[in-house]
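> Sequence:
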Amino acid sequence: MCFSFNLNDESYEEAFNDSRENIINRLVDCVHKLEEFPKRFDEVAAGMQLAAKILETNVKGNGKFEASREDSDVPARFETRCDLLRDAIDWQGSLLGGRSHLVGHTRTALDCLRIQVGDDSYAELMENSAASRVAQSVNRQPLGHIVDEDRLKEIEKTFNMLNQPFPNCSCIHNFLPQKYQLGTGPSINTKPLHASHSVTLDFDKNPILTLDYAREVAGFPYFQISDVKGPVQIEVKYTEQFDGLNHVWADGPYYFTNGLSNSFRVETFNITEPGKIESYFIQGGQRWQSIKVLTKGHITLSEVGFVPTIDHVDLDNLPSTFTCSNPTYNEIWKLGASAVSAACFDAGSQPSTWDITKEGAYIRGQKPGPGVNGIDWTDYTMTFSSKIVRGGTGWSVSQPISGTGLLLLLVSDLPDETTFVNTNRTLTPPNSIVVASGYGFVNQTTLDSKLVGSFPVSIDIKEGEWYKISTTLLSRSQLSVDIDGTQVLNISLADYGVPAVSAGGWGFGPYQDQIALVKDVTVHASNGTLLYENDMLSSSILSEYGVRQNTEALCMDGAKRDRLVWLGDFFHTSRILTSSTSRWDYARGTLNYLLDTQLPNGLVNIAPQMGYNNSCLKEVLYSYYGLNDYQILGVLSFTGYLHRSGDLSWARGVWPSIQNQISWILGQIDSATQLVNFGGFLGDAKGTAISAALVQALSEAALVADALNDATSAKLYRDKAAQVSKAINELLWNGELGVYVRSTSSNTTFGVADIAFAISSGVASEERAASCLARLADLKLAPGYKDISTTDSSSANISPNTNGFLMVAAMEANDTAVAKYLLDNLWAAMMNDKYGTGASWEYVAQDLSPGLSLFTSQSHPWGGAPTYVLTEYITGIRAVMPGHKTWIIQPAISGFDLDWAAASVKTQYGQLSVKWELGNKLLTVNVAAPQGTSGSLSLPSSLQIKSIKVNGHKSPSGNSVSLQGGATIVTIQLS
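So the sequence shown is numbered by my numbering: it starts at 247 and just counts up by one.
Just so you know, these hints were derived from the structure itself, not from any lab. Backbone N, C-alpha and C fix where the C-beta goes; we use that ideal spot for every residue, glycine too. Take the hints with a grain of salt, since some may be wrong.
Stated by the list, open to error - Computed Cβ-Cβ distance ranges for the label pairs, DEER-style: (1) P1186 - G1212: 39 to 49 Å; (2) T1170 - S1011: 29 to 39 Å; (3) T958 - S1011: 25 to 35 Å; (4) A771 - C862: 41 to 51 Å; (5) H1199 - S571: 26 to 36 Å; (6) Q1219 - S1011: 48 to 58 Å; (7) N563 - H440: 17 to 27 Å; (8) P477 - N619: 18 to 28 Å.
To be verified - List of simulated lysine-lysine pairs, DSS-like, C-alpha gap at most 30 Å: (9) K1192 - K425; (10) K1200 - K1131; (11) K437 - K475; (12) K961 - K972; (13) K714 - K696; (14) K961 - K1066; (15) K1080 - K1167; (16) K961 - K1167; (17) K522 - K437; (18) K437 - K1080; (19) K708 - K604; (20) K542 - K475; (21) K1131 - K1080.
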């Protein structure tokens, strides 16, 4: 099953032989067709194939294009040479509102170019084309005026490889299933799937196809149908763990946030003829997929997969790497790398989930996107016009930007010709209004929802007709709905056990597989005053309702959910990025996005959503005031990234915002105790975890201030860190228990975060650190350590997030036993094939299954700490000065039963690589460091060293060896 552009070899050659004018006019025609009807993706694919040929012809011919269509601005955008496809991404993506099918195909073509000419040639081509673009914009000089003739010939020569058809290359870059099984139900026992293999699903024989992608993937699902006897309806399910295929909702739905993705993990398609079908929505993260034939007939699939909306990375060939003699640890290292690869993505890669048309907003089934207006309003009437295209129309009232509200559906009469056979007529009966409170219409583990009921309406609701719908909510309980002036619902929510709803605005989104148009929205106060009016015909509403495509490179908390930019979660993510994919742009983009939400007092939104304009609407969108300790973790995310990357030029620009954030935190220190006076995720107010985390944040911020020559801030932060550290040791150390306690008011309780941050911050002395780690026995469960000593052990889940903090602390204190236990148990559990996705998890249950059942995010970077811990502590590569200008190699050569370990870290100065190997009382350490950098090799004090040689020359014995940039071999003979 191999994705290919919808253009056969014959038309490929024909396109190549066309005149340049005809080629570009055909591409323009494709774009114009897409403007008229954005779902004609066959034209998109063909257009991108032609764009690839234009690229080839343009470079070979060194010519200039002119288009005959006077109404198009294509010529001005397509004059450039080697970067034509990159321009196509920007121009056409903007034209179509970032419709990522178009952008995805273009990126695929561009990736093919990279593979076919090689990375070095590709980079040089792009560099030269950028120079050409600048020159042409000023002088309109040909490419040959920018590059010397000999070099131009070499560049042109590399493009000869472009004669290969693109379909072969695109297979590499789409996510394709690796295994499959046909049968009457989902099957975990799959067999290898080969690229040329076609699969037939038959309603009477083998109606269900199970597909295993072997790892977490994300993107737009597509299906190439080579034969159909029908029409046939198919139901497609997506899930991270296999068992989701056995559930009616798969592992969804996800109504916590819109997330610029499908809110549902099940969707239905009606197949009437052969061809390619692409889902409108992104599926954010899954390993497993099933396709079920619902109606009499059969279909033959020749291609199935996902058009990627994330990087398609090779985990064995990342810019920063780790390997060792234990294969399990190598796979554990990949868990975090895989998680950030799935949860982080480029700007513009997640398109809007609404289409704006001349008739109004064309909205497919999804969580209603709450608007930014009226978030503190009560007692209003919201009116809109809607035309049901299929199934029903949906909306919300009393809906805050984040949180719960009232959800309503108006269901059509469900005519046979448009209604899928799997439509849930119990949940959404025809000609009814369905009302729910909470997060959604069905419960999903930790997201409570209450189905208030379905209420018949007195009129026949036809599809394809416009209805004027008015919803009034008074006294936070009295709900009524009018349709075309006729009241069809009037209930007291209190009578149905719904407590008084909060203030909030409104949003729009039908239910699963439904489609509706929405226009002419008005809101009136209870006294009749017009408060709001919008015809819903402008693309500006996308930002207002939180469905604008992402404008920054971002990292989410998880690939499939919550799909929020959680400030505190980025602590681990920022460190994983610099130790694996080295996508510093993801770190910068995420931190910029978060800081764009900063209020004047310094607070940063702890979980902004994609889709809104945070910088313009920050005060409206600041909806998370809880978890104030996430402000501290946010500072640590910044300092962690900067220390490893050395990205000082960027840091200077955001430093005032970080200082403002720190100022707010310092204002929360209790003057009487010098402890932080708020609680949060990590622990209690006036407690160890949060106060020690602040000490660590201030200490690391002081190092940033040093690098930025801000001596005043450096001194302030160090002084404050010393004061808080002193207070923790005086007020929160329980000598009888031998541990730092939860808080001044809970002085016999302690937890993982208390111990972890007391050690990693440097608050704990060596003696106290050892004592704390000894008390972990009270928290130890099968796969790891429970968060708090008072938590019921029988029901506790294990958090890889907090245990990740603990792993760092254990390594800082040289307690390899704790770190090894976590690797061998907690993180090893994530590789169980029954549950695994190849990525790190959000929570782990004591039976080693995902801790929140199907709801668990199983591509969650906060669970991927080993990715940087193995690099930084097992191999031992750590930055001393920001960016590894100076570094230390401090390997853990004992405690993990390893014979060797190797890692390489991409720095701004070049690659820093280390490999150590131990055998026959000889320790060999190979270091390859960038020129201009320096560091040291620090050996454990427990080693019995007989002699040391550096590049074959005897060196003074000791536990530290000074090293310079370049290649160095250090051999240590042990006694």
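> Decide, hint by hint, whether the structure agrees.
Here is what the structure says about each hint:
no.: 1; hint: P1186 - G1212: 39 to 49 Å; verdict: violated, 25 Å
no.: 2; hint: T1170 - S1011: 29 to 39 Å; verdict: holds, 35 Å
no.: 3; hint: T958 - S1011: 25 to 35 Å; verdict: holds, 30 Å
no.: 4; hint: A771 - C862: 41 to 51 Å; verdict: violated, 25 Å
no.: 5; hint: H1199 - S571: 26 to 36 Å; verdict: holds, 28 Å
no.: 6; hint: Q1219 - S1011: 48 to 58 Å; verdict: violated, 34 Å
no.: 7; hint: N563 - H440: 17 to 27 Å; verdict: holds, 24 Å
no.: 8; hint: P477 - N619: 18 to 28 Å; verdict: violated, 43 Å
no.: 9; hint: K1192 - K425; verdict: violated, 54 Å
no.: 10; hint: K1200 - K1131; verdict: holds, 26 Å
no.: 11; hint: K437 - K475; verdict: holds, 26 Å
no.: 12; hint: K961 - K972; verdict: holds, 17 Å
no.: 13; hint: K714 - K696; verdict: holds, 27 Å
no.: 14; hint: K961 - K1066; verdict: violated, 38 Å
no.: 15; hint: K1080 - K1167; verdict: violated, 42 Å
no.: 16; hint: K961 - K1167; verdict: violated, 46 Å
no.: 17; hint: K522 - K437; verdict: holds, 25 Å
no.: 18; hint: K437 - K1080; verdict: holds, 15 Å
no.: 19; hint: K708 - K604; verdict: holds, 21 Å
no.: 20; hint: K542 - K475; verdict: holds, 8 Å
no.: 21; hint: K1131 - K1080; verdict: violated, 44 Å
In this structure, the hints that do not hold are numbers 1, 4, 6, 8, 9, 14, 15, 16, 21, in rising order.
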